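We have chain D already, so just place chain C on it with the hints.
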Amino acid sequence: MTALLTVTSIETLYFDRIYALFGVSVEVRDGEIFAILGPNGAGKTTLLRTIAGLLKDQPKKGTIHFAERRIDGWQPEAIARLGIVYVPEDRGLFKELTVAENLELGLWGRRDEAVTKDLDAVYALFPILHERGRQQAETLSGGEQQMLALGRAMLRRPRLLMLDEPSLGLAPRVARTVYEALGAISRTGTTILLVEQNARLALGVAHRAAILEAGRVVLEGAASDLAENRDVREVYLGIGGVEQPPAKTWRLYRKRRRW
Amino acid sequence: MERLLQYALTGLSAGSLYALVALGIVLIYRSTRVLNFAHGDIATVATFVAFTMLTRRLPFWAALGASLLTGALVGVAFYLVVLVRAQRRGANLLGMVILTLGLALIIQGVVVYVWGAEPVSLPFPISDTRTYSVGLVVVSQLSLATMAAGLLGSVGLYVLVQRTRLGLAMRATSENLMAAQTLGIPTRLVLSVSWAVASALGVVAGIFLAPALLLDPFFMLDPFLKGFAAAVLGGLNSLPGAVVGALILGVAESLTGAYLTIQFKNTLAFVIIIVVLLVRPEGLLGREFKERV
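Chains as they are written, first to last, in the working numbering: chain D, 31 to 289; chain C, 11 to 303.
The hints are simulated quantities; they were obtained by calculation from the structure and are not laboratory data.
Note that the structure is predicted; figures quoted are calculated from it, not measured.
Think of the CB as a built atom: it goes at the ideal place given N, C-alpha and C, for glycine as much as any other residue.
Keep in mind that the hints are not guaranteed to be accurate.
Cβ-to-Cβ under 10 Å is the rule here; a few derived chain D residues that face chain C [unchecked claim]:
no.: 1; residue: LYS86
no.: 2; residue: ILE101
no.: 3; residue: ILE109
no.: 4; residue: ARG111
no.: 5; residue: ASP120
no.: 6; residue: ARG121
no.: 7; residue: GLU126
no.: 8; residue: THR146
no.: 9; residue: SER171
Straight-line Cα separation of at most 20 Å, EDC-like style, residue types lysine to aspartate or glutamate; simulated pairs [as the list claims (entries may be wrong)]:
no.: 10; chain 1: D; residue 1: LYS125; chain 2: C; residue 2: GLU185
no.: 11; chain 1: D; residue 1: LYS86; chain 2: D; residue 2: GLU107
no.: 12; chain 1: D; residue 1: LYS125; chain 2: C; residue 2: GLU12
no.: 13; chain 1: D; residue 1: LYS125; chain 2: D; residue 2: GLU168
no.: 14; chain 1: D; residue 1: LYS90; chain 2: D; residue 2: ASP102
no.: 15; chain 1: D; residue 1: LYS90; chain 2: D; residue 2: ASP46
Just chain D, with the same shape it has in the complex (with noise of 0.2 Å):
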């Protein structure tokens, strides 16, 4: 599989001193899906706006290359056009506006024949959205506002879709409901990069994942193999043998990590 996305070592500051990725290489292949994981502040939401293009003058160093053409310094709308979806963790909804409305500004600037199969796509795979067409954005639940993002995102017709935390605030039900979907998208051939906290939901979907921890990589591999890590296990997944600190010591105790 080819590379659909390539960043190479890029370096992303906050108010020109604060750094928040401190050279980070990721490859998203043609495809598939690619989970970021990691805890709170480790980058991850600023790694996808810097792809996205949202923050001004980012990243300072290292290059982002879509589908061959080196896309950093761009201007926001130039990325979007490219092809690359964001959907932001408050998932970017017009809640103003109506369900209806919102899926119609998904299909801007699209003058192609398919619009209507893809609105009855969208309808087909959350039908509660052709149900509330006319209500506000605002007055859906938590899931329903996700599946109204994820389903104005695929009438972009995403060559990459870049989520993240899909599953953040919902209930674990309505989560799994919206990775199901996920899986649905991905396998109508949209490459998918998603950021989650949640990472057994995000392995059990994913091809392959990566862990960032405070502005680095510190681990990368298939799906399958990083649920198997012990590391990943313990702490990520909260599963496998915890190593109970000495009781004389356990103040100083801090899990020593194998990366």
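Chain C in isolation, oriented as in the chain D frame:
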């Protein structure tokens, strides 16, 4: 009774002008979160362009078109050349508001330099003195035209914002700029359109106000402040609110002048601002300032 109706009608006519001004202020506030203090002055310079053309005996429609275009161009140029750059360098909202104040002063200077500070009268095809009797009240041709312009401007803006794809993009951009960008909506173009339309609405107000009084470099200051008060009254975020607030303000002002004292007429707008901010800060039709977490 006749007196009440007569004054209410005068108030509606003034309110229509305030509505045009307020709509422009709200449109720009909604889309860029900037309070445009140069709104009145953009209208002033455009009205003076119309004045020059009309004194050279060019047709009214040409003068109207040219002044609308002037207003729109000044608004867009200011947005693209000054505000966008300031934003890119990380200017905060207060900084940008001050920039609009700067633009206001620059325009005032230019107008005084080019046209002089002497009040002039705008040759206008619609008469201020020809009147019609409608039932109990008398209405001048000019107030009829003013109300028609206010109505046309409001309805036109409503259709643009609510019924067209461009309007949908405008609403989307003003609500969530980042999301609009990631959807590939050309937000800079959309915001330029907002500035152009807002400025043009102000110009319409200027053109219809000028024949009722004399034209001088500062003639839009008062209607601008009234429009601002109307926008606050209706809710700075709400376009329908701007119209409602403007009509209420216009009528209230006229009735105050008639029944209380004429000296109080101009103070009323600011009394209204203070009361609204104390009682209902989001305005009559504005959405409450609260975030759903």
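Each hint tested on the structure:
1. LYS86: holds (7 Å)
2. ILE101: violated (14 Å)
3. ILE109: holds (8 Å)
4. ARG111: Status holds, d = 5 Å.
5. ASP120: holds (9 Å)
6. ARG121: holds (8 Å)
7. GLU126: holds (5 Å)
8. THR146: violated (16 Å)
9. SER171: Hint on D:SER171: violated, closest Cβ of chain C at ~12 Å, above 10 Å.
10. D:LYS125 / C:GLU185: Holds. D:LYS125 to C:GLU185 sits at ~8 Å (cutoff 20 Å).
11. D:LYS86 / D:GLU107: holds (13 Å)
12. D:LYS125 / C:GLU12: Measuring from Cα to Cα gives roughly 47 Å; hence the hint is violated.
13. D:LYS125 / D:GLU168: Holds, at about 4 Å.
14. D:LYS90 / D:ASP102: Distance of about 10 Å is within 20 Å: holds.
15. D:LYS90 / D:ASP46: holds (9 Å)
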